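Asker: These protein sequence lines map, in sequence, to chains A and B. The first sequence begins at 0 in numbering that gives the first Met the number 0 and counts up by one. The second sequence begins at 0 in numbering that gives the first Met the number 0 and counts up by one.
Derived by calculation from the structure, the hints in this document are not laboratory data. Heads up, a few of these hints could be off.
In silico lysine-lysine, BS3-like type, Cα no more than 30 Å apart, as pairs [said to hold, decoys possible]: (1) A:LYS130 to A:LYS160; (2) A:LYS77 to B:LYS55; (3) A:LYS9 to B:LYS41; (4) A:LYS9 to A:LYS160; (5) A:LYS77 to A:LYS160; (6) A:LYS130 to A:LYS77; (7) A:LYS160 to B:LYS41.
Stretches of chain B that chain A covers, calculated by requiring three or more beta carbons in the stretch to come under 8 Å of a beta carbon on chain A [to be verified]: (8) 182-189; (9) 218-228.
Label pairs and their in silico Cβ distance ranges [said to hold, decoys possible]: (10) B:ALA18 to A:ASP120: 27 to 33 Å; (11) A:LYS160 to B:LEU24: 32 to 38 Å; (12) A:PHE182 to B:PRO26: 16 to 22 Å; (13) A:ARG270 to B:ARG1: 32 to 38 Å.
As the structure is a computational prediction, the values presented were derived from the model and not from experiment. From the three backbone atoms N, C-alpha and C, an ideal C-beta is built for every residue, glycine too.
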Amino acid sequence: MPLTAGLGFKLQHLDDALAATAPGLWFEVHAENYMVDGGPRLAALRALRDRFPISLHGVGLSLASAEPPSDSHLDRLKILAERIEPFQMSDHLAWQKWEGVHHSDFLPFPRTAAALQIVMDNVDRVQTVLKRAILVENPSLYVDLPGHDFSEGEFLEALAKATGCGLLLDVNNLFVSAHNLGFTAAAALDAISPVLIQEVHLAGHSRDGDPSSGLLIDTHGAEVADPVWSLYRRLVDRVGARPTLIERDDDIPVFDVLMDERDQAHHILRRRHALV
Amino acid sequence: MRWSSPADFQQMFGALLAAPEGRDLDPALVRALTIHRNTATKAAIDALADNYPVLKALVGEEAFTGSALAYVTDHPPGEPRLCVYGETFPDFVASYLLGADTAYLHDCALLERAVVEALFAADAVAATGQDFAEGVDLDQPLILHPATRFLRCASPAASIWLAHQPHADTTLEALDWAQEACLITRPAGAVLVQSLDPAAARLLSAMTAGARLGEAAEAAVEVGDLSTAFFTLLSAGAFRQPAASIGA
């Protein structure tokens, strides 16, 4: 596990990425974008993999769905993992499927004991097929649903203990959820057990287009905000270094701009390492 | 408030996402539903724009987004791989964008769909002239390369597509408005699109239908030069390397 900072890879940056020399650099891709049979996109990922460790981040396993993960989807994911040999694989604590429709976002659910059992079963199924542990990411929340038996932190901890999966802590999602639901991000962050956290995501957010809502939206279309950097420093001070990814999925700037953000995370990690 | 099971909750929430109007709901829930709906809709529309960029250029941003939004509403993604979303968009757009002369848009969209399929098709070594250096066996079954696609269009769809590529050496204005037999291949990484002359089109058409080279050649010579036709298809990487030549 590289305890360094990585970058979400975009195909338009292939040449820059292959030429990058930053120590400790690694890349992450959305697995679904590479679940194809062949062609230049896969060749690009293989070329990248020849130079850098790769993390496969799934956006479609629908781990919290009442229905289990699709066999064909899992098979394709397994094939991709065999081709790329990623150092990490992950997906989200959310559901996405409804009556044959795939909803390309991460939907919330009441964190009940029954829901926990479902997520455990789904994670078990995925880990059995892939023959490895995966990480599960905390999503962004926009409404406080009734009926929770667990806090998000408690739920993820129970899930990890039962299945052996890890936690991909998205600090931006935590910040956005805390803002939207009115809880304290720092306190929620401090409550997470260090050993569970196996990767960190940092990304940007935006204000809701409807300003009367007062909500923040997890758009991944901006640079990491200052309060999110503060939370990240707080986290690294407490738990130590973790593989940290700068995520940008919209309004993609040039490669150097993303590398500047990546370098910021890298410096925070190095400084913490040097203090030990 | 509790639902009797996670499945019940997801059924309720899914229904609200799909049909939001006319409910007496907490405004905070309504706003959250809107955010989730907008995020998913945008992702699906962006995927259509990625897969149909020439269509988008032809009809313009507003018309494209309007038809994309209608399509996403009526035919939302059925699986997480957005990179392959929109298989039925060409047919949808043809009926959605009513008016005279939209048939060429349908052709262009079908061609773009074929380009997407070619882009993601399985890797295989393409047959080249070298594989036939010892001569051509007319009984030889030649298998199409996994990325090969062929469409007969009433409009010059291949030329329209080519005019929209970076470093294009033709423009729409200079186009001869005539039917085209469009070949899509992927000989060495990048997708190639070209319009075939009648002999090459017949040759490929017959072989796609299962004819051996000899039979297909008979159809091709009626309308043109056979070796030119065969050479065109080989240079385009239309066929897989024959098994006999592997290791030869």
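Asker: Could you run down the list of hints and mark each one as holding or not?
Answerer: Evaluated hints:
Restraint check for A:LYS130 and A:LYS160: the C-alpha separation of about 17 Å stays at or below 30 Å, so the hint holds. Of the pairs offered as hints, the one joining A:LYS77 and B:LYS55 is violated, with about 35 Å between alpha carbons and a cut-off of 30 Å exceeded. Between A:LYS9 and B:LYS41 the CA atoms are separated by roughly 18 Å; this keeps the pair inside 30 Å, and the hint holds. This hinted pair does not check out: A:LYS9 and A:LYS160 have alpha carbons roughly 34 Å apart, beyond 30 Å.
Between the alpha carbons of A:LYS77 and A:LYS160 the distance comes to roughly 24 Å, so the proposed pair stays at or under 30 Å and holds. Annotation: proposed proximity of A:LYS130 to A:LYS77 holds, straight-line Cα distance about 9 Å (limit 30 Å). Between A:LYS160 and B:LYS41 the alpha-carbon distance is near 36 Å, which puts this suggested pair outside the 30 Å criterion. Remark: the region 182-189 of chain B is confirmed as covered by chain A, as 3 of its residues place a Cβ nearer than 8 Å to a Cβ of that chain, reaching the required three.
Under a criterion of three residues with beta carbons nearer than 8 Å to beta carbons of chain A, the stated coverage of the region 218-228 of chain B fails, only 0 such residues being counted. Remark: the range hint 27 to 33 Å for B:ALA18 to A:ASP120 is upheld by a beta-carbon distance near 30 Å. Checked against the given bound of 32 to 38 Å, the beta carbons of A:LYS160 and B:LEU24, roughly 36 Å apart, stay inside it. Between A:PHE182 and B:PRO26 the C-beta distance comes to about 20 Å, which sits within the given range of 16 to 22 Å.
Separated by about 47 Å at the C-beta atoms, A:ARG270 and B:ARG1 break the suggested range of 32 to 38 Å.
Consistency note: the structure conflicts with the earlier hints numbered 2, 4, 7, 9, 13.
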